[in-house]
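With the hints as a guide, bring both chains together as one complex.
So you can see what is in the structure, the chains are spelled out below.
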Amino acid sequence: MDLMEKAMSSAEVRANLPEAYRRLSPDQLKQALKKMHLIRLFEEGAEDSYQRGLTYGTMHLSIGQEASAVGICAPLTDADTITSTHRGHGHCIAKGADPKKMFAEFFGKETGYCRGRGGSMHIADVKTGNLGANGIVGGGLPIAVGAALSMKLQGKDSVSICFFGDGANNEGAFHEALNMASVWKLPVVFVCENNQYGMSTSTERSTAVKNVADRAVAYSMPGVIVDGNDFAAVASASMAAVDRAKRGEGPTLIECKTYRTRGHSRSDRNRYRTKEEIEAWVQRDPIPRFEQELIGLGFLTAAEAEEIRAAAAAEIDEAYEFAKASPSPDPADVTRFVTTV
Amino acid sequence: MDAPVRELSFAQAIYEALAIAMEADPRVFLMGEDIGVYGGAFQVTGDLVHRFGAERVRDTPISELGGAGVAVGAAVTGMRPVYEFQFSDFATLAMEQIVNQAAKMRYMLGGEVSVPLVFRMPCGSGTGAAAQHSQSLEAWFAHVPGLKVVEPSTPHDAKGLLLAALEDPDPVLVFEHKLLYKMKGPVPQGHYTIPIGEAATVRQGRHVTVVASAIMVHRALEAAETLAQEGIELEVIDLRSLRPIDSRTIIESVKKTTRLMSVYEGVKTLGIGAEISALIAESEAFGYLDAPIVRLGGAECPIPYNPELEKAAVPQVPDIVEAARALAGGRT
Ligand SMILES: Cc1ncc(C[n+]2csc(CCOP(=O)(O)OP(=O)(O)O)c2C)c(N)n1
Ligand SMILES: [Mg+2]
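Protein sequences, first through last, are from chains G and W. Residues 1 to 341 (my numbering) make up the first sequence, in order. Residues 1 to 332 (my numbering) make up the second sequence, in order.
Read the hints as simulated data drawn from the structure, not as lab findings. All of these numbers come straight from a predicted model, not from anything done at the bench. Among the clues, some could well be false.
[Claimed, not checked] Once the Cα atoms are required to be at most 20 angstroms apart in a straight line, the calculated EDC-like pairs of lysine to aspartate or glutamate come out as:
1. G:Lys152 x W:Asp59
2. G:Lys100 x G:Asp78
3. G:Lys156 x W:Glu222
4. W:Lys182 x W:Glu222
5. G:Lys185 x W:Asp25
[What the hints assert, rightly or not] Okay, the calculated bits of chain G under chain W, using three or more residues with CB under 8 angstroms as the criterion:
6. 148–162
7. 242–254
Cβ coordinates follow ideal geometry from the N, Cα and C atoms, glycine included.
Just chain W, with the same shape it has in the complex (with noise of 0.2 angstroms):
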């Protein structure tokens, strides 16, 4: 019988996750920067301290660089810590601990250890919160061997995408676009899992391919059933997992619909544009491509205070809409 589903939002599905996580498993704890009794930044742990006590989920001082190798120690001595990060701005302060510790402790060890932790990552602008606390870092850290790296859309990704994260014997980073937190969707009960590495096609069509991630997938629907209008159908792949990345399902897609285009809020030069762009010029789909291959990423600027500059810092509906269109170059 199938779990019975309801309607939660995005933070109440990662905090139903992290619940059962722990209930399941005594070796899952929470670190974290104000994530007890304040509830966490985002109001994501919330009442969570006071059903598994401070000792599970531990407030830390401000020190994400000690709080990210505090996470990898006790990750390589038997439990599955998951740290917050309050936004994911704040793990270039932990860089060294991310990438030169949790990422190669295994492979420099010759396979020895396993370093199973989550890194929770609040990502993304449309906050108003400026430059440092609105980026969008995830390729950084995808380009790490030794990291895995997982951007949920929905409210049900990412209560399955967190669970597998909390079930994986390796670093996980989490990136959760704060816009999505407030964002509600249906999320079964109880326990489920969406494998780390499986992209998904959330919407069929015939003349474009659309990957994108985390909130750029939402305005990609909503440019999607615009252009339905006019006869331009797009096929809407939500990337989920950057690190592994399914090239396959993107392969696939583009083979029938002929034309890619790609869709990110991180910066667009050398970012993830560039992968899926690269991964079909060098694919069996680059034969079938029918026009030039399209990049809509975030602007070459760090992410501005003012609402209308923030919002033409990074891709929003009606530009996606205009290179989807002239990207299917008249075609219906």
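So here's chain G without its partners, still in its complex pose (with noise of 0.2 angstroms):
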């Protein structure tokens, strides 16, 4: 293939591209691999300092789950909001939290976003529009519905993304938040995780209709369906989804068929599936996939690849000393912040 021929059939690749390729620069591509690579790391090191001992409580991790909540996150500012789920670290970081309050809190420490009230389950960054993580399943959607609608009664141009996961899909509180959001036009994106299990149960066992994406027919609005693992489709569905709420046009429900390759929590002994299902999902990993396309594509050398992970890595590791010398809270101050007034 001579010269001339290679850049006609790239340009030509590029016309075809996911939105996510146009409308990201390769910079804000590296800072969504960046966060990736974030994910993963903080919570194998959450992992690592349950075994050792250092936190308490149990936790949800998401790993294998990463290209769902940077994709969906990567056109948002910090004027939209989040509302998250108990499997949240992913997008916390995802939406811009800094790791370092993350295990704080995760450690129990006065430092924490939460001041060691909250711990994994309810970690917020109210800051960066992060309403919250949340313990209750489907707690946080009628949640989202409310800040949307915040939005549209203050006139701001901003929007409300709802995360949970396929078991929440069957808690009334979906079905409310839903209707309501349609009903009222209001700027949300729904955005089921489905990662084929509530704890043990599968959709096959839990969810009358075969894709979760389905019942949006039922609230008229769009049901999407993505890979989840693949960044750049998750984050060209966010985009359309984000655009059609700030024209508004309404809310719509986006399904990131994914897999979570660890347990369901720390009591999980895999009994509900096989070694090789979640082996298979294991091949499909969203980062080491992202990765390569970036570099097919040349939005990144490897070097610049491992430059990514290794400024990640230190960033964890700095976040996780940060908080291991951090202050526990004063047991005296037991019952701060219960009330404003």
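Spelled out as structure tokens, the structure:
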């Protein structure tokens, strides 16, 4: 292939690329890759610190689902809000949280996002528009609709993003929230991260429709299914939904088909799925896939990819040390923050 | 100069508080089932939709869980929503959002947010609406740190407490006894507030302290009038707020009267009366008591339909008279 031919084919390729690759700058794409690494390394660090007895309680890891969190948040600014779930570390970092304060919260420290009062299941970062993880399955759905109503009443040009799992789609709150958002044409994007199980119960055993997105029909909104392990596919779907919301055309339901390669929580013994199934999904790891794609498209060199990974690792190490060295809350303050006055 | 005072009904007083808050603060908006052109199941929001428009007086689908959650989401993002439950019984469908989300968000987030919202809770029996439309569940909510619970007994306090709730940075549940909606009383024009967490001594007396709330305040006052003819003086305290509760006013009163009775419509066991008894038992007033504490609460059953049964299920004036007379133990 001569040079001329090569240039032509790459221009052609670009014209046919998913929207995310046409709208995000190379720098933004690199940032997205870095965030995916940060999430992965944060959660591996969390797992490690749990084994060393540094953390308390349980945790829900999203390893394998990073493309969904980062892809959805790609078109957002701090003025846009998200509501998150018990499996929320990824959403938090994707929305711009500082891993230092996340680790500190994880370790129950006064320097954490919630001053040690919330823990892994309640991390929020209001300044970057993250209204918080949630310990209640489906808890964030109506809250996200409220945030969107608030934006509409205040005449703001922002959107409210609502992350939830496939398990949550069988809660009444899901149905009430989608209906209200649609009736009032609110700027909400409902994002179902379908990792195929709610704890041990598969969607086949829990959900009457084949795809969660099929339920969008009942609420007169587009239902979009994407490969949740494909960053560009997720980000492009998010862009379209965010644009629609900002045009005042109302909500969208996006279903990201993905998989959690770790157990549900610390108590999971993986009795409900096979090693082969898990292994097949490990092969579809969204991070190397995105990295390879960026290199293939010429957005990134292999050396840059390594630099990004190393920078993320350094940031996580620093965050971990910061959290370990931070002070714990004073037990005398146990009833602080219950009410404002 | 004091504001002119007119006679308004309890419902009109609430309406006026809502209108004043909506005029003063663009963040205040109302949500609920049929609160728009219908005017609300108890005609409290009346014509507000015509004054403020359907965006700010928003009819919701019949989705209590969703509606309560929308209020939470709007409250943490800069608005001051008021969500009307058509009947407070239906808040049982929204316990998740009230108890797990609204009440705890500030604490869970280490003080990073406030949740300034108001839930309006029409409650109580006496309308023949039977078991699922007549409950008094305020003690459930008063058990939850992070919520504030108020329960006015007069049009004056309904307006003042609601305005205080509308300006409060935290979630406030306002219990409105349905039998009070039509009751009239003096209400000053314009803006004023009644501080949340302050009880009111509405009748002075020497012999028995009666702590009551909502409709029971009126029944206790009627009983006090009857007993006064016999020389028995009841001191009636209108609780007004359940959380935070005004222990001081109750303690000081019991130190004076040496006898305590609580009267409330919610089921007697594990209710408001248990808390009032316990706070006296734990306080310096305990040593002043000259007789065992008495609780007059709702019967241990759902609210029945038949009007005679319905009356028998909650304290009535003769019950209060009889119990207070026995408690006074012949002292006059
Ligand atoms: C209302 C409620 N019911 C049950 C639980 C316990 N629980 C926590 S996570 C979970 C599974 C949720 O599944 P899904 O929504 O698919 O999210 P995933 O864990 O797969 O990310 C369950 C049952 C809960 N936290 N809240
Ligand atoms: Mg799931």
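Problem set entry | Ascending list of hint numbers which this structure does not respect | 3, 5, 7
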